[in-house]
Amino acid sequence: MHPAFSVIFLTTLIGVGQGLFIAVFTAEYFNWIGLLNVEVDPMFYIIGGLVSLVFMAGGLLASFFHLGHPERAWRAASQWRTSWLSREVIALPAFMAIEFLYVLAHYLQFNEPTTIIIGIVGVIATFALFICTGMIYACLSFLREWASPLTIINFILFGLASGFIFATAYSAYANPAFVQTFGWFAVAFTVVVFITRSLSLSRNQKLKQKPKTTTQTAIGSHHTQVTQRSQGQMGGSYNTREFFHGKTEMFLKNMRGIFMVLVFPVPMILMGLGLSAGNPNLLLAAFVIQYVGLIAERWYFFAQVNHPQNLYYQTVS
Amino acid sequence: MTQLALVIDLNVCVGCHACVTSCKQWNTSGDAGPLPDDNPYGANPTGVFFNRVQTYEVGKFPNTETIHFPKSCLHCEDAPCVPVCPTGASYKRKEDGIVLVDYDKCIGCKYCSWACPYGAREFDEHDKVMKKCTLCVDRIYDQNLPETERKPACVMACPPGARLFGDIHDPDSEVSSAIREQGGFALMPELGTQPSNHYLPRHKRKIPIHEDELVRVDSPLAKEEKKDYDEGSASLEDSASW
Ligand code: SF4
Ligand code: SF4
Chain Y
3 MHPAFSVIFL TTLIGVGQGL FIAVFTAEYF NWIGLLNVEV DPMFYIIGGL
53 VSLVFMAGGL LASFFHLGHP ERAWRAASQW RTSWLSREVI ALPAFMAIEF
103 LYVLAHYLQF NEPTTIIIGI VGVIATFALF ICTGMIYACL SFLREWASPL
153 TIINFILFGL ASGFIFATAY SAYANPAFVQ TFGWFAVAFT VVVFITRSLS
203 LSRNQKLKQK PKTTTQTAIG SHHTQVTQRS QGQMGGSYNT REFFHGKTEM
253 FLKNMRGIFM VLVFPVPMIL MGLGLSAGNP NLLLAAFVIQ YVGLIAERWY
303 FFAQVNHPQN LYYQTVS
Chain D
456 MTQLALVIDL NVCVGCHACV TSCKQWNTSG DAGPLPDDNP YGANPTGVFF
506 NRVQTYEVGK FPNTETIHFP KSCLHCEDAP CVPVCPTGAS YKRKEDGIVL
556 VDYDKCIGCK YCSWACPYGA REFDEHDKVM KKCTLCVDRI YDQNLPETER
606 KPACVMACPP GARLFGDIHD PDSEVSSAIR EQGGFALMPE LGTQPSNHYL
656 PRHKRKIPIH EDELVRVDSP LAKEEKKDYD EGSASLEDSA SW
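In the order they appear, the protein sequences are chains Y and D.
Using our numbering, the letters of the first sequence map in sequence onto residues 3 to 319.
Using our numbering, the letters of the second sequence map in sequence onto residues 456 to 697.
Note that these hints are calculated values from the structure, not bench results.
Do not take every clue at face value.
Facing chain Y, a subset of chain D residues (Cβ under 7 Å, in silico) [to be verified]:
# : residue
1 : Met-456
2 : Pro-500
3 : Arg-507
4 : Tyr-511
5 : Glu-512
6 : Lys-515
7 : Tyr-566
8 : Pro-572
9 : Val-584
Using N, Cα and C, we set each Cβ at its ideal position, and we do this for glycine too.
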């Protein structure tokens, strides 16, 4: 597939936003049930929630660039019975609304159970949104690289990892008492997603070896030697632009190498240094580098998919 | 239930692209507005077509054969492109099974094209909506056309008549009997989309001809032929024209 930057930014930005919200609420929740005992100014939750909302809004804005007719985007909420994309279109603003309520409740200085209840609803909404985003890809059964529960698991874990790293950096500036909690969560999520993403990479590698759909099934001629001689066009079309990444195998490999380094080891080293030295700048650097890595990861996520329609577009003439 | 579809005889298709051009001509002239055709005379012409004819070579040289392969939306019975559409712009008509896009509702998110395994949908970069074969829905019901012309433009155009059109749910239709009797098959059946369009497979045609059938015994040419006979032994009968 041809990776679209609008969708890359949409999925990575809302991932950070969702993870950050969960982090901020985790802090409040842990305080409430007594796991932590930290003096917190409501501003900590308010700013954390607002920053998360900015990430969400950034993702939402990016998604509009993907549409041919953004002015009709409201229509996309209508098919929630069948379409995961439609469900995402509902879940995203719904989560943002709940998050806004959460911020507002803190601003109005509501007492604990109210904010906790809103927060729990918010967490449910975040996971609903994660699942919708993941299912958009995982539900396309013949795009086999995506059609796996790992797709959803990775979306959730990447969001949590990047959100918690951001929360670590944020609290290092705003309320250092949370730094260790956020930091260790962030490390744990990053380690787990390293495992699950590696699993999906090796799964996809194996898929290549035994394709289910071939040129033979595509044209119904089961000879062992079937070669395309012409695709009925010379100058390319939507079919050749949308479904091919247009880069070399080498480029793809390099992209994988880049994200495997930028998303996992580099931020982990920076986190380790930042956590032990209590240096907020190192923690922020960890976030920025991981985010850049996530852009590469998402690029690869799209590019690695071999769409069955490509079987019809192997040779120009 | 009716399910309109095309049945394409790969034995008959000669790869002339007449269906491609007549499809484009009809569908670029309709109510929905023109189909893009960028740099038609430039180095990289590109545009939207609902139908394309591709060519495949089967076998190993020198024992190869050519298959010309027209490809358009297959109007799948279990169309994967329809449920994924977030706006409801993509839909399958109950009355005749045609899969259509409502260009006024489409937001151009391209998700349906990802869900179609056949690459049958093409995005219109000018109108910013998804386009695809309509089975000439604006032709086949047109009461102003003579009944024999109420067929998709490609079917009308095909010079050797490789394209059949009809209801595959009606067991007595021309298309149903063609599928039944000539081994009609679907594309990528393993994906479970149940395409409505079918293809009739290539088969070897052999007509047994005996040598004496090549020469007519009473060929009029024989009258003018100079007989090759032995001068010495020739009689009148031998040299007479008969
Ligand atoms: S061929 Fe593609 S566009 Fe047409 S009905 Fe099937 S899945 Fe949908
Ligand atoms: S491009 Fe249009 S028809 Fe296709 S899924 Fe999006 S809104 Fe539906």
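Now the hints, each set against the structure:
| no. | hint | verdict |
| --- | --- | --- |
| 1 | Met-456 | 20 Å, violated |
| 2 | Pro-500 | 4 Å, holds |
| 3 | Arg-507 | 4 Å, holds |
| 4 | Tyr-511 | 6 Å, holds |
| 5 | Glu-512 | 5 Å, holds |
| 6 | Lys-515 | 5 Å, holds |
| 7 | Tyr-566 | 5 Å, holds |
| 8 | Pro-572 | 4 Å, holds |
| 9 | Val-584 | 6 Å, holds |
In the structure shown, a violation is registered for the earlier hint numbered 1 alone.
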